[in-house]
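For the protein sequence lines, the chains are A and B, in the order given.
According to numbering that gives the first Met the number 0, the first sequence is numbered sequentially starting from 0.
According to numbering that gives the first Met the number 0, the second sequence is numbered sequentially starting from 0.
Hints are computed from structural coordinates only; laboratory data are not their basis.
Fair warning: there could be bad hints in the mix.
Calculated lysine to aspartate or glutamate pairs in the DMTMM-like style (CA-CA distance at most 20 Å, straight line) [stated by the list, open to error]: (1) Lys-176/A to Asp-152/A; (2) Lys-56/A to Asp-122/B; (3) Lys-124/A to Glu-195/B; (4) Lys-143/A to Glu-195/B; (5) Lys-11/A to Glu-28/A; (6) Lys-295/A to Asp-68/A; (7) Lys-321/A to Glu-293/A; (8) Lys-285/A to Glu-297/A; (9) Lys-176/A to Glu-166/A.
Partner residues aside, some chain A positions facing chain B, computed with beta carbon under 10 Å [claimed, not checked]: (10) Tyr-74; (11) Gly-108; (12) Asn-112; (13) Ile-113; (14) Leu-114; (15) Lys-124; (16) Ser-126; (17) Phe-127; (18) Ala-134.
Beta carbons: idealized from backbone N, C-alpha and C, even for Gly.
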Amino acid sequence: MDVEAMGREAQKYVWEGAIPLQIHLHESEVTTLPHPSPALVLAPRMGYLPLLLPLLKPHFSSTLPPGVDTIWFEYKGLPLKWHIPTGVLFDLLCAEQERPWNLTVHFRGYPGNILTPCEGEDSVKWSFINSLKEAAYIVNGNCKNVMNMSQSDQVELWHSVLNGNMETYQRVSSKLKLEKVGDQYVGKPNSNLLKSRTNTGETDTGGPVKTDKCFTLRDAVKALLPELFVEKTLIDEEIPRIELEEESRAPSDDESNTRNEEDVEEKQGENVECCCPSDDAETKLKLVRIQGIEPKLEIPFSWVVNNLMNPEHFLHICVFVKVPQAKPLPHDR
Amino acid sequence: MITLVNLTPMQPLVGCSLSLQVARWPWIYHLGMEPSHQVTSALLLMLSLRNGKGSTLFSLHGHGYLGQNHHGRGLFVTREHVHSQEDHDEKSHKGNEEPNCLGKDEYIDNATLSYRQDVRYFDFHIVYSASYRVPVLYFRTYSSDGQPLLLEDIEKELPGNSTNVLMESKWTFITQEEHPYLNRPWYKLHPCGTSEWMKLLFLTDPSLGGSQGVPVELYLSSWISMVGQAVGLKVPLEMFNKRKE
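Work out the full structure, taking the sequences as your base and the hints as a guide.
Structure below.
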């Protein structure tokens, strides 16, 4: 099978991927006895949790207290960000890949100080289009192609995501002319692949500028999270203690988003861990997970981007790092 | 410290606008982050302004944002308050049996009363967007008891011309998104049009820029005068006069 065909097959797997969820209604919202059984749902990886409302509401409606529905989800006490695709949430939060994934659903008491408001499908659609615009801006320097989409195209594109319809999605999105990432090579003189200083780090290794070394997934992760790969960190001596937000859990994980383009940017996920100097820097990186897969780091990054990205043209990379164990302090007495 | 703008009025203002005064926006480090990318460094160089002693550029390690949290500043009296005070007066005159301690001739200090009642606090942060490569204004607003305010309420509060700016311009609109560092919902002025209108702004003035591009202070002060309009911030002229020094 040639590389192209393998790519298409990978895309198909990704689009058809789903997470089995076991969804429990939060006990504060249970008004009848016996407790309702949890809902069992297969949630598309490429989808978003609030879109499951039509499936969940009938299951729990008889027991809900009166009021307006404002659906939100939590995992082990962590309110889940609804604008992150379901598959990414699972890859990021569930190191052990629990199946089914046990979530708690709420229909009341939306935590407006933690989560941005979500008013149903429209909010999710807006967030999706907005992300697509951002990707387009990075690729083309403007988001005209997305803004100028016809109404019917926009609707069709969104529905293809809603329904997990890859063929429709690819047909409509091709009109946007967001180019696929070409093969990137390290050391290409006019490559504006990475505007970070790791670019010079890469070319340090060879004398002549042009090499045939392909830009791999490992190179990408290195560019985004150089501190996982260097011997000493460049952080000040007084590393302040990070206040992990209430959403703290172990192991620490980090999420980076990359665009399918030359430019590489880093976005932090919910947990940011302080990077302490480590003697064996390479092993700080425990795991890289994309679309539920742990790809070999030697895979050319362009292939990863083109075949594993989400419909909003973002590639979500979940990274697990080793956390230094906290040492208990001796008591003063 | 970066000298930019401050939102501290010297006393509570009556009316719905804030005046900016030239002071300081401290650079808030996002603690413990990895070393800066070149992108961030570029921004930091960009943002380090000349102080009075000559140009001092400094490079910082880490990500961060420019922030101005209210801490008792940025007081802002709403129009509503004035009405409610009037309403109160009317009610008290309409056959209210209760003794009215405020005689007709007594001067009512609106500013004092408003401080206790309808005061709106604003926090403004400027964060650099690596995707759009422009600064982005994030803000949140809440009343004196810490209750966050809704966008509709904010829009009601804004002076008339700023709502026009918001509505007429396809380039400025307010969305509610996660603050990139604080991971909480904040309002932001969407950045997708920023570089467009900044370009227009500089193109129309031949005295600016040229081949070397625009000096940072000028970019940022122009930027904030534009975005400020959308959220009811006024930029004092002194800020622009300073650049001629």
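Okay, the hints, checked on the actual structure:
1. The hinted pair formed by Lys-176/A and Asp-152/A meets the criterion: a straight-line CA distance of about 14 Å does not exceed 20 Å.
2. Simply put, Lys-56/A and Asp-122/B have alpha-carbon atoms about 38 Å apart, too far for the 20 Å limit, and the pair is violated.
3. At roughly 25 Å between alpha-carbon atoms, Lys-124/A and Glu-195/B are farther apart than 20 Å, so this suggested pair is violated.
4. The hinted pair formed by Lys-143/A and Glu-195/B meets the criterion: a straight-line CA distance of about 12 Å does not exceed 20 Å.
5. A threshold of 20 Å between alpha carbons decides the hint, and for Lys-11/A with Glu-28/A the separation of about 39 Å lies outside it, so the pair is violated.
6. Distance check on the hinted pair: Lys-295/A and Asp-68/A sit about 43 Å apart at the alpha-carbon level, beyond 20 Å; violated.
7. Proximity of Lys-321/A to Glu-293/A is assessed by CA-CA distance (about 17 Å); at most 20 Å being required, the pair is judged to hold.
8. Restraint check: the Cα-Cα separation between Lys-285/A and Glu-297/A comes to about 15 Å, which is no more than 20 Å; the hinted pair holds.
9. The hinted pair formed by Lys-176/A and Glu-166/A meets the criterion: a straight-line CA distance of about 16 Å does not exceed 20 Å.
10. Interface hint status for Tyr-74/A: violated, as the beta-carbon distance to the closest one in chain B is roughly 16 Å, over 10 Å.
11. Among the interface hints, the one on Gly-108/A is violated; its C-beta lies about 16 Å from the nearest C-beta in chain B, farther than the 10 Å criterion.
12. Taking 10 Å as the C-beta cut-off, the interface hint given for Asn-112/A holds, the closest approach to chain B being about 7 Å.
13. Below 10 Å, beta-carbon pairs count as interface contacts, and Ile-113/A has one with chain B at about 7 Å; its hint therefore holds.
14. Using the Cβ-Cβ criterion of 10 Å, the hint placing Leu-114/A at the interface with chain B is satisfied: the shortest such distance is roughly 7 Å.
15. Violation of the interface hint for Lys-124/A is found here, the shortest Cβ-Cβ separation to chain B being roughly 14 Å, above the 10 Å cut-off.
16. Of the supplied interface hints, the one on Ser-126/A holds, with its beta-carbon coming within about 9 Å of a beta-carbon of chain B, less than 10 Å.
17. Taking 10 Å as the C-beta contact cut-off toward chain B, the hint placing Phe-127/A at the interface is violated, the least distance being around 13 Å.
18. Annotation: Ala-134/A was flagged as interfacial toward chain B, and the flag holds, the nearest CB pair being 8 Å apart, inside 10 Å.
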